[in-house]
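*Asks:* As a plain string of letters, each chain reads:
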Amino acid sequence: MLVVRNLVKDFGKMRAVNRVSFQIKEGEVVSLVGPNGAGKTTLVNLISGHIMPDEGEIIFMERNITRFPPHKRIKMGIARNFQITQLFPELTVLDNVRNCVFSIRGLIGQFFKPSDNYEEVTSRAREILRRFHLDHLEGELPANLSEGDKKVLDIAMAYALESRLLLLDEPTSGVATSDKFKIMETIVKAIDRSKMAAMIVEHDMDIVFDYTDRVLVLREGTIMADGVPRQVMEEPEVRATLFGIGA
Amino acid sequence: MVLYILNGLYFGAFLFLTSLGLTIILGVMGILNLAHGSLFALGAFMAAWTIGLLATGPPSTALILAIICSMALTAAVGFLLERSLIKPIIRRPLEYQLLITFGALLLMEDVIKLVWGGEARYASAPFDSMGRANLLGLEYPWYFVFVMALTALAGAAVWVVMARTRAGIMLRAIAMDRDMAEAMGIPIKRLSSLAFMLGASMAGLAGALMVPTSPALLGIGMEPLIMAFIVVVIGGMGSLKGAVVGSLLVGQARSFGVGFLPELEMPILFLIAVLILIGRPQGMFGKG
Amino acid sequence: MAGRLRRREFVKWTGAGALGVATGATFSSRAYGATKKEVPKGPIKIAAVSFLTGAAAAPFGIPGDNTFKMMADIYNQQGGILGRKIELKSYDEAGGADAQVKLARKLIMEDKVDVILGYISSGDCKAVLPLSDELGALIVAYDCGSHELLEGEKSPFKYPKYTLGFRSKAHLGIDNIGLALMIKKYLPNVKKIAGINPDYAWGRESWRVFEVAMKKLFPGIEVAVTLWPALGATDYTAHITTLMNSGADIVHSSLWGGDAVTFTKQAIGMGLFQKTRMAYSRGEPYPQELGADFPEDQLICCAGTHYFLYPPHDKWPLNKWFVEEYHKRYNKYPTYPCYHAYQAFAVYKAAVEKAASLVGGWPTPEEIAAAMKGLAIETPSGYLHIDQDHNGREDVLVGFTKKVEGYPFPILDPKRMEVFPAHMVNAPAGVRTEDWIQSWKV
Amino acid sequence: MAGLATKRKKTGALVLLIIGFVLLPQVIPSYQLVLLESGLCFAILGLGFNLLLRYTGLLSFGHGAYFAAGAYAVGMIGRYAPELYRMEVLIPAAIVFSAILAAIFGFVCVRHTRIFFSILTLALSMLVFATLVKLYYVTGGSDGIRVGIPPVLGHAFKGMRRPQFLEGFYYYFLLGWVIVSVAFMYLLVRSPFGKAIQAVRDNEIRAEMIGIRVKRFRWWAFLVSGAYAGLAGGLWSFVNGHVTPELAHWVFSGEVVYMTLLGGFKSFAGPIVGAIVFTFLKLYAVSGTEYWMLIIGITLIGIVLLLPGGLVGGLVILLERAKARAPWRS
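Residue numbers (my numbering), protein chains in the order written: chain A, 1 to 247; chain E, 1 to 288; chain X, 1 to 442; chain P, 1 to 330.
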């Protein structure tokens, strides 16, 4: 479903992503690991279209989307969340999610009927909130949410875009360990394996092991390993990179 | 031809002095001070008044004293403005900042009226008494030469302050990154006042220098404000180099505009400004 | 009552019916309480609008306003108009055309003044005079010059343009035609002219009339350059240089107020007067303003025959009285705005008294207007005639500046002073000034 | 159910308000009524302006340009195409003309935000101002253009004086437009589009990442805002009877910002209240004293420093205080 070839991104002299190539198939849940500054977030930004690559290409559903603007990619089914949660602080939780639904339904440009009068969209938004256990907060402003709930809302917004490829940038960072798994459970439940895939940037190895089928290890902008988590984690070089021990 | 360039320089001198203050304040405090023109007017009225008082004595001394008084007064008023109005809203959204300086503008216009009355104030003795210089076969009023020289001097002084003194370097630091500067423990409050006073006194100087050639009137500050605004937009917000280049450019553009496109003397300047804004919203020497 | 009527009117309109004239009557009665056939007790409310602040205050607004006050005082000493005391209020003309429209609307609709005597700027006149008929109130423009103010689109045009709008003086035609005739007489071999005029109605029209007249009198004359500084400009250096390089023999200028002073000072400083000669279409006040600095041998027009030395005091005592009275009160010689203010006030007074003698009792604005049309009175500067087009007709005085013993400023050289009679400098009613000039046989 | 009750209350209040406005001409003197009409025109302008400031997060300091565009559309048609000088042509013309201008200027402006946006809008409006002043033979320069009373649907107001026109038909005509504009804006800011531009205001990056085309949506908002200003300008030109370049000058644009903050830009009704209050405040300051700028300036500074929520904001606070003191009522 996603094919990345020789992707390159430079920031000035510093090369953040260096000739990265990999694939993701339907139903896969892939984790992306690596030390800080390895280029994980940059990779997510490149695939989501937040920034444009200097070289290489990105193919999604057999189409070359390397130069597509974000809104086109989203239409095609690439959605993302943000490592540092990005919400709409002056809109209610419901509207935060509803905007996404309007957007993906191509209704976002409608300017005559109040949002509340779009029952179908609203109920869909509520359903998503329920799925992510936020339904009781729909009237609140993001500011009044707990860190964990903010995180979940951020993910729920990405999910609401009815994506086929979900790019999750550290969905559980900054969340109490007890909640981490609750969040992952909901996410994984939400992913319909028959036609969806996900790429999750993650630090927590337990999550990598428990919830993802494949892991990509990134170092200094290049992929140093790609495979089943348990096996990959055996490789001393990887352990050295990730935990700075062995080798 | 040479005369056009001279006129351009002469006009540019005023542009430079007024835009200097505007750009420093914009750079250091991120505020577009709409009341800046009123400071110019204040300087003009103060100078006209002083020269009027000293009408009996020699015009040159009257002029010098007038300049000193105007700069002192505008600096003081600048200080008051900064402390009373700008400081409280420095962290507030843009609309409040622009509006409060707008309020200050309205306020000062009427204060000037209250103090000096509504009639035009002429004080042309210094200009009349100086006569014409003979530069490379061209007749040109000494006074205009004097204005250009003094402006160059003032510009140099400001440059020295900004480049060489500790205060200047700290000001530049604030302009670059206010929060960082604050974190570094730079006394922002005091320096903001200093920047404001410096800018204000420059506007005052410009006003004082204008008065001998043209009467002090109500609303006299409007045109200088707009002109300085154009300069800042062209030169780049908060950039001294920008102020210099901008005022030279606008000065010449106007001088030759009047000479050869008399129908467009005003719009052409805005056209230049807009074109530059479209290409580089931060201006020629401004930072993004 | 009026309210109910208006409601009916509204209902009628929504019924897409036509509006009755009745509402018109009720309106004027409601808004103005114009009383019928007996003289009301209360004072006459007169609004005088002149520049009291800004560049035009010192040379125009203040002298004009002084004269209004002086005349109100004098008339009141004589028992007012038809026994009614005059209550004169002065207003500032500053703020531009839009501000003046708002002010005039307030004066008429809320303060319900009997008449507005005012306006120095042509821009303000053009904006305000139409309100006379729109709001049904008498407005007399006293100093502005725009000749298009009361002229139509093309000749012949229907007049009067406004039933209740007047100008108690001649328009700028006389100044600029006067200058042209003067140049023809004294400087017959002018080859090249230039112009520097303020960029609005007054400046544009002054130049147009002057240009048309010059081209008529000097076939094939060359126009070097025309400059249009904004009103209230502070720096004329670029303009002056352009004029000095233009090689023009004569530079026409209708700059006025502070602008004229500023320009002239900077021009003296830059040596313009060594290179060319200025022709000021309204120069009369500036020799007094600038004093001895004002260069000699420049052409000056007096917006009529308004000059503190003309008409000669022995031949025309009214001018002697006026000059002395004004000088006594304000310790300055009257400039032409003073004469214009006198004219407006005197014309209104005469018209009211004439109308009253015809209808008996206090006349309505319409009746006063009818009486004002065709009125002819004596003024300190000679005879003034308000023609059928509601515009004044005057002779015009043009001269050259000259330094003379006994005056701290150059006066008009008595030996080279010309008065062109009204019929030589005013177009007849119904003909546009430009077309009239074109029709001359030279 | 409580929601429904308040809703009914609200609609009730609204209906009363409209009835009040309809009956107003019977009670207040004609001069005040004309002033009010000016205020209503500025209210429409304020609504449009606030669509940018409040809902899109963009401070335009050159909104006078679009107001002027509408007013001059009327003036120019009167001057160059008298045969088209009919209300049913003029108002649409005003809207379209200003919308086009806003479309062009907006295309440039929406590429920037914050002070850059403000300065760019300011410069553009001053360009319009300078052009209007300089093209004397086309636009009448600083003298501006007269605006006569146009026929409406073939009905010419023959021999009618402007005050009658303004107190009679035109007041209700204007009121109609105000109601329509308010209603449309009310719907707009609650529509998906409205929520979208608020999203853009709140978080540009995220907005882009949920598929909102940030610049385009800003541009649309700019367009609508400009069209509102144009409509206001067109309607106002008949009230004033005279249009001048001053309308495009930044000082007028500054007054628009002032009105909006005076009323309170955080609330939907703010600009409307602000515009009407400002109109009366200014005129009575101007005619009451020659030091009107002092009054306007001090009120302005006072509002900014002491009442950042504006009049409406302050009122809301008062009401809440009252509620707090009398809990049984709410």
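These are computed hints drawn from the structure, not numbers from a lab.
For every residue, glycine included, the Cβ atom is placed at its ideal position computed from N, Cα and C.
Mixed in with the good hints, there may be bad ones.
Unchecked claim - Taking lysine-lysine and the DSBU-like style, the derived pairs with C-alpha atoms no more than 30 Å apart in a straight line are:
no.	chain 1	residue 1	chain 2	residue 2
1	X	216	E	113
2	P	158	X	161
3	P	215	A	72
4	X	89	E	113
5	P	158	E	87
6	A	13	E	241
7	P	7	A	113
8	A	113	P	158
9	A	150	A	72
10	E	113	X	102
11	A	150	P	10
12	X	216	X	161
13	X	69	X	373
14	P	158	X	373
15	P	215	P	7
Stated by the list, open to error - Stretch by stretch, here's where chain X covers chain E in the computed footprint (C-beta under 8 Å, at least three residues):
no.	region
16	9-22
17	31-37
18	59-66
19	72-79
20	111-121
21	219-230
*Asks:* Does each hint hold? Answer for all of them.
*Replies:* Right, here's what the structure says about each hint:
1. 216(X) - 113(E): Violated, at roughly 48 Å.
2. 158(P) - 161(X): 16 Å, holds
3. 215(P) - 72(A): Given pair residue 215(P), residue 72(A) holds - Cα atoms ~15 Å apart, limit 30 Å.
4. 89(X) - 113(E): It holds: about 21 Å lies between the C-alpha atoms, which stays within 30 Å.
5. 158(P) - 87(E): Roughly 58 Å between the alpha carbons, so the hint for residue 158(P) and residue 87(E) is violated.
6. 13(A) - 241(E): Given that 30 Å is the threshold and the Cα spacing comes to 29 Å, the pair holds.
7. 7(P) - 113(A): 18 Å, holds
8. 113(A) - 158(P): Since the Cα atoms of residue 113(A) and residue 158(P) sit roughly 42 Å apart, the hinted pair is violated (cutoff 30 Å).
9. 150(A) - 72(A): 26 Å, holds
10. 113(E) - 102(X): Judged against 30 Å, a Cα distance of about 22 Å means the pair holds.
11. 150(A) - 10(P): Between residue 150(A) and residue 10(P) the Cα gap is close to 34 Å, so the pair fails against 30 Å, i.e. violated.
12. 216(X) - 161(X): 28 Å, holds
13. 69(X) - 373(X): The given pair, whose Cα atoms are some 25 Å apart, holds under the 30 Å limit.
14. 158(P) - 373(X): 25 Å, holds
15. 215(P) - 7(P): Distance of about 35 Å is beyond 30 Å: violated.
16. 9-22: holds (count 3)
17. 31-37: violated (count 0)
18. 59-66: violated (count 0)
19. 72-79: violated (count 0)
20. 111-121: holds (count 4)
21. 219-230: holds (count 3)
Hint compliance for this structure: hints 1, 5, 8, 11, 15, 17, 18 and 19 are broken, all remaining hints hold.
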